[in-house]
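*Asks:* Each protein sequence line maps, in turn, to chains R, V and W.
Counting from 1, position 159 in the first sequence corresponds to residue 465 in my numbering; the numbering is continuous, with no gaps.
Counting from 1, position 502 in the second sequence corresponds to residue 678 in my numbering; the numbering is continuous, with no gaps.
Counting from 1, position 70 in the third sequence corresponds to residue 89 in my numbering; the numbering is continuous, with no gaps.
Please note that a few of the clues may not be correct.
Stated by the list, open to error - Some chain V residues judged to face chain W by a derived CB distance under 10 Å, without partners named:
1) Ile359
2) His363
3) Ile387
4) Val395
5) Gly419
6) Asp421
7) Leu428
8) Phe478
9) Ser489
10) Tyr493
11) Val497
12) Leu501
13) Leu504
14) Val543
Hints were generated in silico from the structure; no laboratory data involved.
Note that CB positions come from ideal geometry on N, CA and C, so glycine has one too.
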Amino acid sequence: MNDALSHPAAPPYVDRDQHSVANHLGMWTFLATEILFFGGLFTGYTVLRWAHPHAFAEGSRHLEFWIGTANTAVLLTSSLFVALADLAIKRDDRRAARRHLVAAGLLGAAFLGLKGFEYFQKFQEHLVPGSGFDAHGAQPALQLFFFLYFLMTGLHALHMLFGLGAIGWLLRQIGRGAVSRERPDAVAIVGLYWHFVDCVWIFLYPLLYLIGG
Amino acid sequence: MSLLVESSKAPPRMPSYLEAGHTVRSWLFTLDHKRIGILYMAAITVFFSIAASAAALMRIELLTPAGDVVTSETYNRLFTMHGVLMVWFFLIPSIPSVLGNFIIPLMIGARDVAFPRLNLLSWYLFMAGGILATYSIVAGGVDTGWTFYTPYSSTYSNGHVMAMAAGVFIAGFSSIATGLNFIVTIHKLRAPGLTWTRLPLFLWSMYATSIILVLATPVLAITLVLMAMERLWGVGIFDPKLGGDPLLFQHLFWFYSHPAVYIMILPGMGVVSETLAAFARKPVFGYRVVAASSMAIAILGFLVWGHHMFVSSQSVYAGVVFSLLSFLVAVPSAIKVFSWTATLYRGHITFETPMLYALGFIGLFTVGGLTGIFLASLAVDVHVHDTYFVIAHFHYIMVGGMVMAYMGGLHYWWPKISGRLYHEWTARIAALITFIGFNLTFFPQFVLGYLGMPRRYHMYPEQFQTLNVLSTAGASILAVGYALPLFYLGWSFFFGRRAGPNPWGATGLEWKTASPAPEHNFETTPVVTTGAYAYDAEGNP
Amino acid sequence: MHSAAPAKTTLFATYFALIALLALSAAAAKWQIGPLWNLFIALGIAAVKTALVFLVFMQLRYQRGLVRVFALAGFLWLAISGVLTFSDYLTRGWTP
Ligand SMILES: [Cu+2]
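Okay, chain R solo, but in the shape it has when bound (with noise of 0.2 Å):
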């Protein structure tokens, strides 16, 4: 017969709202997945933190306060523009779609950059874990806060790549007409990504540029 390339086997749905369902259903069991494999680390972190917490508010004051807190505000703005595009989408508007979802990747962009700059830094002051560390005469666990540090905020990081090239794609899509008001579902699903990799950075926000007091 035919080649399965040429004839995809049929979507298993029989409308569009079910399709839609079974979108969100399925971004949300992924975002489930999401919260474990981040978890595993959170647990990891509240161990050895409850093991060295004064080595760990050490660790912290090394932290840029104001880089931390620049940066949650500018992915909560990004956020905000993630929204307001599948609104734009779902009213037709896909002009300004695609302009909320620009400022939102520009964010994205930026908050990357100043994560660059804070690395950047700490390399500068050898506070990177497994390369010539020093402890600045603190305790040695001092090496397993950064190690967390850089573990958690990578990660975090590369999530936000995904979503930036989650997003350009969303862009041309929605420029090709394959994602509109008929279609909105691809603008939801990828704004539940972005959120919650916003709520990852809610969450290590405190637990590493908070805890120095």
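Got chain R; can you put chains V and W with the ligand on it based on the hints?
*Replies:* Showing chains V and W with the ligand alone in chain R's frame:
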């Protein structure tokens, strides 16, 4: 009993999934859940064979007390390879990814799983993981044991830990994708009238399994990332000298790996419920309770992981809690065994091959489960921890349970997969050989463990030889039992007698469509009006 | 499914609430009342922020029960991992 209740006279109007394309491309880029199931079947058969050869070498080494066939170093690599491949590249994908992929959409009257592309991606992830793991073995192997305990894996191993861990990490995402797909499929694509209380029990158990796949596997992924970082940079997160804690690794690892044990048994329980109903020609006794017990096992399974750490430096108070919680899991497991027994009572029982495997499962699972209770008791565990008692216990669950169920399910749904029947008596004999070989291999290991023979050594004191010889003899019989189906099922695939749509006269939507299943599963969407297993008093569907 | 969605005013109101909470948590960190209290305040504010994002931006308020269950399951399972892990760590020092 008649095998061919309905003949295959009515010509199928739709091409079967096997006829829809014969090119390699049509298989490697298929989005059809049935073909993806077959791709998985081919892959796991290869991994099973590699892992089984490792076991064969170990059994040969253990024929004599002296370590004369392989060095202890090689022996370490053999059992690691056996464990990693069997757990992640055979058992976990066995029933879910092969039979689940093939049967779930047919059972719920859908055209495919919810996300067919994701389904294909999950097979490629699985293969990528499998190739990395195979590379790690070919390059020299890993000596840490399948658990990757630190500091073996982080500091002391001179094996190819990174490649192996990367392989398992990637295969984990394949598990997540499959679990996610099944959850959404079962929620959203059921045929009209197929309510949750009419769902066949196989679907309940697959749903419970998918929940574990989705909620446990991410923790394994992050644990392996931490282990890899520790190995690469030695920052000390698991090293007490640098302020870390080795037990943190064990907590995270077992948070995944105990529930993973239920990924390796719940699907088998589902297959057994299906086959018992079909060959006792009766509804499964206490349907709702059996369905609920699958969910209970899935959820309780997350609360007991600390029973693997009784003799680590875990707090004894935590040990008491974990021990009590572990006992709780026995309740839903026992409910299932009682319900299966009651299903057999006054049934119109026939002993076709799938039924033989299912009956074997019940007996072996009961032994495995009961010895699990011994191990969950704090004091007994101190005595038998890390001995062959543990090995025997989990092989009764995983091989006696899951592999028997996989073979049973494979035979049960074989007519739907291939459109043909296999030679019944050859298959029955193979099932019997498997059962005998299995018990002869693993029952002596209970005794060995109780007498104190530790696991993971390639030599042992003289007094253990008799039991070890028995075990090795059993393993060779078991090998015959596993090799036979390769031949007669392979023969049946090309030359077997044509099976009708419903050769067993069973209920269930998968038997209402042609064999082999048509490309789009059903000509018209079926409508369900009765509960699962609607057999009348004479045992007719 | 997409019949009910938050209005523009709701989105902006949520956004300003989030920024206000961020300012609050930054200020609370400077006002030192003991490390544990500071941690609880910071995490409490983070939880409220996450709840706002989940309910409004991610439209959990407008979803059917099933999706809410799935959204909560992740947190519940994370709590299981935390509580049982700490059943070990917190009782290690106890002498029998
Ligand atoms: Cu266990």
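*Asks:* Against this structure, judge whether each hint is valid.
*Replies:* Verification of the supplied hints:
no., hint, verdict
1, Ile359, "holds (8 Å)"
2, His363, "holds (7 Å)"
3, Ile387, "holds (8 Å)"
4, Val395, "holds (7 Å)"
5, Gly419, "violated (14 Å)"
6, Asp421, "holds (8 Å)"
7, Leu428, "holds (8 Å)"
8, Phe478, "holds (6 Å)"
9, Ser489, "holds (8 Å)"
10, Tyr493, "holds (4 Å)"
11, Val497, "holds (6 Å)"
12, Leu501, "holds (9 Å)"
13, Leu504, "violated (14 Å)"
14, Val543, "violated (28 Å)"
Figure legend: structure checked against the earlier numbered hints; hints not met, in rising order: 5, 13 and 14.
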